[in-house]
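One letter stands for each residue in the lines below.
There are 2 protein chains.
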Amino acid sequence: MRDHGGGLAEAADRFGTPAGGWIDLSTGINPWPYAVPALAADAWVRLPGRDSMDTLLRAATRAYGAPDSAVVLAAPGSQALIQRLPFHRDRCRVAVLGPTYAEHARCWRLAGHEVEVVPTLPEGGFDVVVATNPNNPDGRRLPAGDLVAFAAIMARRGGLLVVDEAFAEVTPEVSVAGAAGMDGLCVLRSFGKFYGLAGLRLGFALGATGLLRRLEADLGPWAVSGPAIEIGRLALGDEAWARTTRERLSEASAQLDALLAAHGLSVLGGTDLYRLVETDRAGALFEALGRRGILARAFDAHPRWLRFGLPPDAAASARLADALKA
Amino acid sequence: MRDHGGGLAEAADRFGTPAGGWIDLSTGINPWPYAVPALAADAWVRLPGRDSMDTLLRAATRAYGAPDSAVVLAAPGSQALIQRLPFHRDRCRVAVLGPTYAEHARCWRLAGHEVEVVPTLPEGGFDVVVATNPNNPDGRRLPAGDLVAFAAIMARRGGLLVVDEAFAEVTPEVSVAGAAGMDGLCVLRSFGKFYGLAGLRLGFALGATGLLRRLEADLGPWAVSGPAIEIGRLALGDEAWARTTRERLSEASAQLDALLAAHGLSVLGGTDLYRLVETDRAGALFEALGRRGILARAFDAHPRWLRFGLPPDAAASARLADALKA
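Residue numbers (my numbering), protein chains in the order written: chain R, 101 to 426; chain Z, 101 to 426.
If you're looking for bench data, these hints aren't it; they were derived computationally from the structure.
Note that the structure is a prediction, hence the values are computed from the model and not measured.
Since no wrong hints were added, every one of them can be taken at face value.
Okay, the calculated bits of chain R under chain Z, using three or more residues with CB under 8 Å as the criterion: (1) 108–121; (2) 143–153; (3) 167–181; (4) 299–307.
Here's a subset of chain Z near chain R, in silico, CB distances under 8 Å, partners left out: (5) Leu108; (6) Thr127; (7) Ala143; (8) Arg146; (9) Pro148; (10) Gly149; (11) Arg150; (12) Gly177; (13) Gly296; (14) Arg301; (15) Gly326.
Note that CB positions come from ideal geometry on N, CA and C, so glycine has one too.
Sequences are here, hints too, so could you generate the full structure?
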């Protein structure tokens with residue numbers, strides 16, 4: 101199972117399907133999605149045109165606070181960008197700040213690079229550095245100023261800093277999207293997590309012309325679906341929804357912490373979209389929850405960790421509390 | 101403008117937007133799309149799971165008549181497959197049967213291969229041969245038996261025959277999908293054209309294990325959106341709709357031929373989704389139609405050709421007839 105969680109079919113194979121249905125807490129996807137509007141027929145029917153894509157990219161530029169000098173491109177999910185980015189550097193030494201989302205190291209290795217997982221921004225010795233900010237799963241935040249200064253150093257050496265901001269909507273203060281366009285910096289954003297629409301497949305890269313134009317050519321025309329373009333444009337332009345959602349996620353995250361604490365589980369970190377628990381009984385707990393139809397996220401390399409997404413409603417919270425009691 | 105047509109924004113820039121709106125005849129997309137059903141929230145909200153993808157692939161296997169020994173995989177449009185396929189062969193000599201859809205030669209060249217456009221299936225001298233069947237834009241059909249025999253010859257040499265069946269729904273008798281799974285054959289199918297849902301981004305590759313598994317890993321998880329999986333599964337399973345649609349397209353194609361003939365234009369070929377006209381006044385006609393808000397498909401390399409998609413209704417046919425009169 102990949103780091104994203106969401107392997108409900110596999111969980112059902114293993115534990116069976118509970119009477120009350122599964123509660124999937126294995127992802128960091130907002131359980132209160134942006135309401136999908138009725139779509140114009142053109143979104144389904146026509147090949148996405150340059151004009152509608154431009155409207156989406158303008159909405160993304162504004163929502164992420166990128167300057168006009170940045171090139172912004174859309175992809176069918178930020179995973180597609182994580183996969184393709186490594187093919188746009190000659191073989192080199194890559195540092196991935198971790199532990200983090202495993203796809204970064206995997207994809208750079210797959211493209212033939214030498215990858216090392218490092219605990220902090222390295223002094224030197226690497227051509228590419230990848231930082232997920234805020235980090236998944238532990239929520240570690242690097243100050244935006246540090247990252248921008250680091251990107252400038254990388255740029256002077258002809259290097260690249262990749263910042264994966266998949267969960268940055270809930271910590272906008274750490275985003276470096278406002279510095280996108282400078283040499284040496286590439287920012288990745290995910291649409292599906294904060295907007296709760298992971299099935300839509302939409303993500304963005306923001307950066308300087310050379311790399312971004314190569315990535316764009318690589319992804320090809322019509323990589324993003326018409327519905328993703330339309331819904332993305334509307335949602336990214338809806339500032340009121342984003343504000344309300346940030347508050348709602350913040351409250352829900354505090355409530356989840358309280359629930360976990362009440363059952364003796366201490367939260368190591370996380371963001372308002374997921375919480376990471378460290379406990380000696382993580383393995384047993386994962387099993388016990390699974391038998392009760394609650395899917396958490398376990399980590400092979402970190403057997404004492406367990407990550408929880410937000411329960412979608414009071415009933416799910418009650419079932420989680422019951423299961424933790426047992 | 102790429103071979104796909106559909107550059108309405110560019111056309112509007114050039115000709116302005118007519119009072120009655122544009123009639124886009126520049127694509128080969130069915131103007132009577134499969135009705136998009138109300139989708140379960142999961143399709144939008146969740147990361148597409150293995151189970152829903154498997155259901156889609158089973159529907160595609162059945163609809164295309166592929167044997168169980170074939171590996172079938174889904175991509176966000178057959179364009180994505182056309183782009184990625186060339187990266188799964190070492191640099192080699194590639195023959196593209198043409199003139200045809202220009203992306204084949206372009207993408208193999210981009211991946212570093214030596215590409216030649218040839219008029220017929222070559223006797224030898226090539227490691228990869230690409231045939232679009234029925235062909236776009238002229239509709240030339242190669243008998244399925246010839247292609248299967250040719251794939252067997254390619255397989256014995258360690259070569260590959262790629263058959264792009266983007267429009268094969270309207271000529272099912274030429275499809276080689278029933279032979280998919282044999283070494284040396286890779287079949288590409290497009291969902292959006294026959295089902296009239298090009299915005300959805302859905303296409304398929306059918307072939308033997310080795311190549312298909314590499315392509316699948318290359319595309320990565322969650323390459324196809326939840327709505328595409330759901331709608332594709334329903335539409336591919338709807339045999340009655342496919343039958344009715346084949347008849348409707350066949351009638352509409354005959355009516356378009358009659359309309360073109362009545363205005364002195366002779367049809368060189370095509371399929372029931374598009375008709376190719378050859379005339380000395382193709383350039384002037386493209387301009388005259390454009391000024392009247394009708395977008396046909398012109399070909400830089402073939403200045404005497406003009407391709408027409410099906411007019412969506414009687415009003416569009418009448419406007420086309422009027423414009424051809426002028």
